[in-house]
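There are 2 protein chains.
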Amino acid sequence: MPAFEHHVFVCCHTRPEGAPRPPCTANGTSELHAKLQQLTKAAGLGSKVRINKSGCLDQCEHGPVVVVYPEAVWYGNVQPEDAAAIVEEHLVGGRPVERLRIAEECLNSKNCPHQ
Amino acid sequence: MPAFEHHVFVCCHTRPEGAPRPPCTANGTSELHAKLQQLTKAAGLGSKVRINKSGCLDQCEHGPVVVVYPEAVWYGNVQPEDAAAIVEEHLVGGRPVERLRIAEECLNSKNCPHQ
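Heads up: the sequence lines are chains A and B, in that order.
With my numbering, the residue at position 107 of the first sequence is 1089, and numbering never jumps.
With my numbering, the residue at position 17 of the second sequence is 999, and numbering never jumps.
Among the clues, some could well be false.
Which copy? The list can't say, so a pair holds if one copy fits it or any two copies do.
[To be verified] Calculated cross-link-like contacts (lysine to aspartate or glutamate; reagent style DMTMM-like; alpha-carbon spacing at most 25 Å): (1) K1023 - E1071; (2) K1030 - E1043; (3) K1092 - D1064; (4) K1023 - E1087; (5) K1030 - E1053; (6) K1092 - E1063; (7) K1023 - D1040.
The set of hints was computed from the structure by calculation and includes no laboratory data.
Quantities reported herein were computed from a predicted structural model and do not represent experimental measurements.
Generate the whole structure from the sequences, applying the supplied hints.
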C-alpha cells in the first residue's frame, strides 16, 4: 500500500529572469501549494494525502504544473483558485479534473506544440 | 501512460539547526540527487526516468529519503553510494532494492518506532 493515497507534487522551481524556459513560480505556486494544503486538511485528508513542493517537473511550458501520484495525473496552468476543484473532485471524489489536465501528447514530448 | 516510467523524488529539504525533526540534507542528498541523475542518463534512461528534487516527504526519521512513483517504493537512509543499486536494479532492472526500503510499518505512521 502506498504511504499516501495521493501524493501531490507542486512545482516550485524558480529560474533567473531571461531563462530559456519559463518558471512555474511566476504565477504564484507558493499560494497554490498553501491552498492545496489548507483545503486538504480541511477535508480531513491530512494523513492520507501529502501536498509536496517539488523541483522542476520538466513540463515548464505548461506551468504552473502539478502531478498527482500514484495515478500520474498531470495538471497544467494551475492557478490558486483551481485548488478547490483538485481537492474536492480529485483528492476527495477520486475523479481527476479534466479541464486542468495537460494533453497526453504534450507530456514529456519533444513534439509538444507549446515548446 | 505516465509521462515517466519512473519518477524519482529525492528529499532535499533543509531545516535550521536544532529543529525537532532531522533534515534529509544532513547526509548529502545533493550528491545523491546528482549521482542518480548522472547514472540514469548514462543508462540511457534520460527521457523515460525523471530524477527530481522535492521538499519534505514527511518520513524524516528515515532520511535521506527517496520515493519512486508510480510504484510508490520508498527508500530510507539512502547514501550517494546507493545510487548505482537504485539505477541498475530498480530503474533499469525493475526490481526495487529491498535492503534500502523503509519498513511498511514505518511509512507515514505515528507508531513508527524511530519517531
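Status of the hints after comparison with the structure:
In this homomeric assembly, K1023 and E1071 come within 25 Å of each other (Cα to Cα) only inside a single copy, at 15 Å, whereas the closest approach across copies is 37 Å. In this homomeric assembly, K1030 and E1043 come within 25 Å of each other (Cα to Cα) only across copies, at 19 Å, whereas the closest approach inside a single copy is 30 Å. Proximity of K1092 and D1064 under a CA criterion of 25 Å is satisfied in neither setting, with 27 Å inside one chain copy and 31 Å between copies. Taking the closest pair of Cα atoms, K1023 and E1087 come within 25 Å of each other only across two copies (23 Å); inside a single copy the shortest separation is 33 Å, beyond that limit.
For the identical chains of this complex, K1030 and E1053 are neighbours both inside a copy (15 Å) and across copies (17 Å), given an alpha-carbon limit of 25 Å. In the homo-oligomer, the alpha carbons of K1092 and E1063 never lie at most 25 Å apart, since the shortest distance is 30 Å inside one protomer and 33 Å across protomers. Proximity of K1023 and D1040 under a CA criterion of 25 Å is satisfied inter-copy only: 15 Å between copies versus 28 Å inside one chain copy.
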